[in-house]
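The sequence shown maps to residues 113 to 230 in this note's numbering.
For the record, the hints were derived by calculation from the structure and aren't laboratory data.
Given the structure is predicted, the values throughout are model-derived calculations rather than measurements.
Be careful, since some hints might not be right.
[What the hints assert, rightly or not] Simulated DEER-style distance windows between Cβ atoms:
id, residue 1, residue 2, range
1, SER226, ALA133, 50 to 58 Å
2, ARG126, GLY195, 28 to 36 Å
3, ARG227, ASP158, 28 to 36 Å
4, ARG219, ALA140, 25 to 33 Å
5, ALA140, ARG227, 56 to 64 Å
6, TRP116, ASP141, 16 to 24 Å
7, ARG126, ASN220, 20 to 28 Å
8, GLU147, ALA180, 31 to 39 Å
9, ALA133, PHE159, 19 to 27 Å
10, GLY229, ALA133, 53 to 61 Å
11, ALA137, SER226, 54 to 62 Å
12, GLY173, ALA140, 13 to 21 Å
13, ARG126, LEU217, 17 to 25 Å
Think of the CB as a built atom: it goes at the ideal place given N, C-alpha and C, for glycine as much as any other residue.
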Amino acid sequence: MSFWETMTGSDLTREWKGFEARAGALPADHRAAWEQIKGHLFPHGDFSGRNLMPILDSALGLLEETAADGQGVHEVLGDDVEGFCAALVGGEGARGHRDRWREQLNRNVARKLSRLGG
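Please put together the full structure from these sequences, using the hints given.
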């Protein structure tokens with residue numbers, strides 16, 4: 113990956129198109145699960161989403177394997193797709209980028225207020 117690809121995100125675009133092409137070959141219930149997985153994982157991504165690419169690749173690989181084996185989505189993921197995604201990114205209550213930004217903002221405001229009051 114070149115510097116230019118990293119800066120423009122063209123490598124991510126290429127990888128994302130590959131994910132969507134792979135997902136297009138899945139049965140309908142597996143494609144629906146893929147859409148749910150994407151929706152639940154995106155809040156845990158960083159600014160570019162680069163940190164989610166290996167996780168998304170693994171999740172899609174799991175869906176591909178289960179489809180090839182003839183297993184249904186519910187046999188593998190169960191009824192709690194959100195819980196499955198939380199486990200993928202580090203467990204229930206895993207912090208997303210919004211949580212980190214909120215904590216940083218709160219620390220900065222507390223520091224400024226302590227300077228004004230003290």
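(request) Please test the hint of 19 to 27 Å on the beta carbon pair from ALA133 and PHE159. (result) holds, 25 Å
(request) Please test the hint of 20 to 28 Å on the beta carbon pair from ARG126 and ASN220. (result) The hint (20 to 28 Å, Cβ to Cβ) is violated, given that ARG126 and ASN220 are roughly 37 Å apart.
(message) Quick check: does the Cβ-Cβ distance between SER226 and ALA133 fall within 50 to 58 Å?
(response) Given range 50 to 58 Å: holds, Cβ gap about 53 Å.
(message) Is 54 to 62 Å respected by the C-beta to C-beta distance linking ALA137 and SER226?
(response) holds, 57 Å
(request) Look at the Cβ atoms of GLY229 and ALA133 and judge whether their distance stays inside 53 to 61 Å. (result) The hint (53 to 61 Å, Cβ to Cβ) holds, given that GLY229 and ALA133 are roughly 57 Å apart.
(message) Please check whether ARG227 and ASP158 have a Cβ separation lying inside 28 to 36 Å.
(response) The hinted range 28 to 36 Å holds for ARG227 and ASP158, with Cβ atoms some 30 Å apart.
(request) With 13 to 21 Å as the target window, see if GLY173 and ALA140 comply at their CB atoms. (result) holds, 19 Å
(request) Please test the hint of 25 to 33 Å on the beta carbon pair from ARG219 and ALA140. (result) violated, 46 Å
(request) Mind checking the hinted window 17 to 25 Å against the Cβ distance between ARG126 and LEU217? (result) At 34 Å between Cβs, range violated.
(message) Range first: 56 to 64 Å. Now tell me if the beta carbons of ALA140 and ARG227 are that far apart.
(response) Holds, since ALA140 and ARG227 (Cβ atoms, about 58 Å apart) stay within the stated range.
(message) Is 31 to 39 Å respected by the C-beta to C-beta distance linking GLU147 and ALA180?
(response) With a Cβ separation near 20 Å, GLU147 and ALA180 fall outside 31 to 39 Å, so the hint is violated.
(request) Could you tell me whether the CB distance from TRP116 to ASP141 stays inside 16 to 24 Å? (result) violated, 39 Å
In summary, the structure is inconsistent with hints 4, 6, 7, 8 and 13 from the numbered list given earlier, while agreeing with the others.
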